[in-house]
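Under our numbering, the first residue of the sequence shown is numbered 485, with each subsequent residue one higher.
Everything labelled a hint here was simulated from the structure, so no lab data went into it. Mixed in with the good hints, there may be bad ones.
[Stated by the list, open to error] So the derived label-pair ranges between C-beta atoms look like this:
hint : residue 1 : residue 2 : range
1    : T548      : Y489      : 50 to 60 Å
2    : R559      : I611      : 48 to 58 Å
3    : P724      : E544      : 55 to 65 Å
[Said to hold, decoys possible] Pairs of lysine-lysine, DSS-like flavour, derived with a Cα cap of 25 Å:
hint : residue 1 : residue 2
4    : K518      : K716
5    : K514      : K629
6    : K514      : K538
7    : K629      : K692
8    : K629      : K654
9    : K650      : K738
10   : K692      : K497
11   : K579      : K538
12   : K675      : K692
13   : K692      : K665
14   : K718      : K665
15   : K497      : K738
16   : K500      : K486
17   : K579      : K486
18   : K665      : K497
19   : K675      : K500
20   : K716      : K579
21   : K486      : K538
Source: prediction; values computed, not measured. From the three backbone atoms N, C-alpha and C, an ideal C-beta is built for every residue, glycine too.
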Amino acid sequence: MKIEYQYIESDFKDYKGVSFSDIEYKELLKNEVKDKLLDTPQRNEMVSTLEGLKSETGFEGSETLLADIQYLQNRSVDVQDFRIGEAFAEVCLEKHFNCRFYWNELRDARNPKGNKTGADLVGFIEIGNEILFLFGEVKTSSEQKSPPQVMTNPTGIENQLKDLYKDKNKRINLISYIQNKISLSNNLNFKENFANAIRSYYQPNGSKYLLYGVLVRDTGVNVDDIKQSYDKLKQQVLNPIGLRLLAIYVSIPKNQWLKIINGDENVGN
């Protein structure tokens, strides 16, 4: 990853533009991004359960059981481009920006192709010695205009982050959502991060959390993609609330991403 531009106002407020080489991006798509889109740990757990059932007398010939095992072992992905952008954003934030997303929201989707509710990003971020709740939105755009409309239109990142800032009921619903998942996870860090983040959120001198907007671009690098939105938002998102905007640039066109994930080695060469 290469930093293309950045403006750091404080530890809790900044914007950055970063880029990934074709080699880096292809490796991420084929590995970490694919694992997120498939929820590989959950799939493996279910396959193990079904394999155990298959070994029991009377179940080894179940066509339904065998078909479901085959389905879960199939590593092909069928999602829209923006879903790939969302998964890539999470991977980038986890690997490079001290963010943590302990619960894969695919586990809550009755329809795998359905829309997320509340916010695209719900997790934690570590800044210095603090753990904060992270609420964020992700957009993917090939539009040549800077900023692209997904930043500035009524359903764009600007307005989505404003809404998260103004709507405390939406935030408490997201916090409750995270808390409900702790008991379903064996990860002690998840529980500890939640305990620290909720103390910061309810501190007496002002609620503290971080809003993150991520723009994924398969275009040339341009600081105007996010600078205007940051300048607007920082006037409204007041301390101690954190605000970060991140533009991620890749040169492989988004209509090739799914092919790479599914093993087309000729793409992007």
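Hint check:
| no. | hint | result |
| --- | --- | --- |
| 1 | T548 - Y489: 50 to 60 Å | 54 Å, holds |
| 2 | R559 - I611: 48 to 58 Å | 36 Å, violated |
| 3 | P724 - E544: 55 to 65 Å | 60 Å, holds |
| 4 | K518 - K716 | 35 Å, violated |
| 5 | K514 - K629 | 29 Å, violated |
| 6 | K514 - K538 | 30 Å, violated |
| 7 | K629 - K692 | 34 Å, violated |
| 8 | K629 - K654 | 31 Å, violated |
| 9 | K650 - K738 | 33 Å, violated |
| 10 | K692 - K497 | 12 Å, holds |
| 11 | K579 - K538 | 38 Å, violated |
| 12 | K675 - K692 | 18 Å, holds |
| 13 | K692 - K665 | 22 Å, holds |
| 14 | K718 - K665 | 32 Å, violated |
| 15 | K497 - K738 | 29 Å, violated |
| 16 | K500 - K486 | 11 Å, holds |
| 17 | K579 - K486 | 13 Å, holds |
| 18 | K665 - K497 | 29 Å, violated |
| 19 | K675 - K500 | 30 Å, violated |
| 20 | K716 - K579 | 28 Å, violated |
| 21 | K486 - K538 | 48 Å, violated |
Violation of the numbered hints given earlier is confined to hints 2, 4, 5, 6, 7, 8, 9, 11, 14, 15, 18, 19, 20, 21; the remaining hints are satisfied by the structure.
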